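Enquirer: Take a look at the letters that make up each chain.
Protein chains: 4
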Amino acid sequence: MTIRIFITGGTFDKEYNELNGQLYFKDTHMQDLLSLGRNRVPVVIKTLMLIDSLDMTPKDREQIVQECRECEEDKIVITHGTDTMTETARGLAENIKNKTIVLTGAMIPIKFGSSDGLFNIGSSLAFVQSLQVGIYVAMNGRCFNWDNVRKNKQTGIFEEVR
Amino acid sequence: MTIRIFITGGTFDKEYNELNGQLYFKDTHMQDLLSLGRNRVPVVIKTLMLIDSLDMTPKDREQIVQECRECEEDKIVITHGTDTMTETARGLAENIKNKTIVLTGAMIPIKFGSSDGLFNIGSSLAFVQSLQVGIYVAMNGRCFNWDNVRKNKQTGIFEEVR
Amino acid sequence: MTIRIFITGGTFDKEYNELNGQLYFKDTHMQDLLSLGRNRVPVVIKTLMLIDSLDMTPKDREQIVQECRECEEDKIVITHGTDTMTETARGLAENIKNKTIVLTGAMIPIKFGSSDGLFNIGSSLAFVQSLQVGIYVAMNGRCFNWDNVRKNKQTGIFEEVR
Amino acid sequence: MTIRIFITGGTFDKEYNELNGQLYFKDTHMQDLLSLGRNRVPVVIKTLMLIDSLDMTPKDREQIVQECRECEEDKIVITHGTDTMTETARGLAENIKNKTIVLTGAMIPIKFGSSDGLFNIGSSLAFVQSLQVGIYVAMNGRCFNWDNVRKNKQTGIFEEVR
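These protein sequences, in sequence, are chains A, B, C and D. Numbering-wise (my numbering), the first sequence opens with residue 112 and increments by one. Numbering-wise (my numbering), the second sequence opens with residue 112 and increments by one. Numbering-wise (my numbering), the third sequence opens with residue 112 and increments by one. Numbering-wise (my numbering), the fourth sequence opens with residue 112 and increments by one.
Simulated from the structure, these hints should not be mistaken for laboratory data. Remember, predicted model here, so these are calculated numbers, not experimental data. A couple of the hints might just be wrong.
What the hints assert, rightly or not - A short list of chain A residues far from chain C (calculated; beta carbon distances all over 10 Å):
#1 Glu129
#2 Ser225
#3 Asn259
Unchecked claim - Listed next, with one range per pair, are the computed distances between beta-carbon atoms:
#4 C:Asn131 x D:Glu271: 46 to 52 Å
#5 B:Gln142 x A:Leu134: 25 to 31 Å
#6 A:Asn131 x D:Met112: 29 to 35 Å
#7 A:Gln177 x B:Thr168: 55 to 61 Å
Built from N, CA and C at the ideal position, the CB exists for glycine as well.
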């Protein structure tokens, strides 16, 4: 069983630009994280985009849905900025009924020493293997159904809606 | 739902002794890892022992079984040295039939910069939440039933027996 | 011999704000760095300000000069943003003739896993101990006299003027 | 001005062997450290040996002396295990009178997240550039003349003899 990993950007993959002091995207660090975790689950990684999720357009979300629908794997992990992760999850839920898809991200870029990214990718790969068909958001050890999760803007923490 | 975490030692918690250059145990680093992962799943941590799993005695394994049986949680993660992890898993399987227990560890001490520990604890907390009752070994993204796993001594990798 | 360390901010001490994704200042990490380096040189640390050096005003520079003049130590290390480090060095050189002062900084925040900060503070503490009276800029292993150094805006590298 | 760096091993370059849980030598990490520090001082690195300094023989020390004498650079940094660093320093002092040589090391392997190695190499490169001809031991921010330093076996700290 191979797991598909789609990269869309978000805090997860942000880096520090030494020349201007800004955060930016260069490449995904997914392969580095999987090597660090000595991952032994077969995965195929594809970078769809590298953007801040606040900049994600309806067209970007269409592309994500289409890639998830057309790939041959039926277990998918998507890295995504946290600000609009639940919105993309809703779009996936409306369109894809036969796959297990877990969206995840990070509160701190994984290039920082203190990132939660390795923890989150570890738990996402586990959830996607063991959960039944559906669309989920996995952050900080927890896994939420797509229709019962929001990011609390004050605390930055993902929580149930009801 | 609270998850019980039992600490037994293993590579996971080894540290470097500056005075004599040996690896040794001082404390568990589980709380540090959970903070790094910004874990939001309720857990209760208890250190049962801090030993190399090659030094684990039948009496130690009895203690682990007893603690798992007697704790009120029915979802349990155990950190354990990799060399005899499957042996402890067997002892648990023979004695405990009504809980989900995931044994995990690390190939590299988590105090090292390049440890797989954060990845493994992330996936173990996910597996223990989503798998049905049983005894499992979770290492490097994969999860094995207790009766179908061995550590390959040549490669250091956990694999199916059959 | 005690060395005075003055903190003014700069890339050195920037952190990532999880809630809004911006870099900001919270505290200096100097004590953490010195502990990591197991520093055994007596130091006294004082935070004068925590600002980006592009935001540094003439009044801020006056304060730095005054603090350097009035402190009892005659060996001083100053952490400083790299963009206007040489400007502050000039102000110090015009006003202080009897102390050894080394300005240093970092290209990458020290809270990032890949910062040059520990290397730079190690070399700055060494230069300040062994160089004669004067004002210096120490970055990335090199040490420049205050009147023969500039930051190359294209490459981000400090280099001689002539 | 180019600085010669000789590698001899010691805690500095030790790594963790995942298969047997022992510390061992594979390669030097000097180039990684210099890259991390964004070092801009011209250096030439040569690995003479990769051994624990307790295993260093008179013949090994002869080789170190000979390499220091014969290399064309007159500023040299040597990485060395801490246990017999002062012994090698004495051998160098007896034989080499016209070069600046700084011996350094680490209390914690640099592959560990919490190593003092980057700090020490930063300060050693600074000391070797700014000190006059002589043999020195630089550890944890301090620099000692070869004939006035010992490693305190109880504390692990380098200190003056008198």
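Enquirer: Which hints, by number, does the structure contradict?
Expert: Hints 1, 2 contradicted; others consistent.
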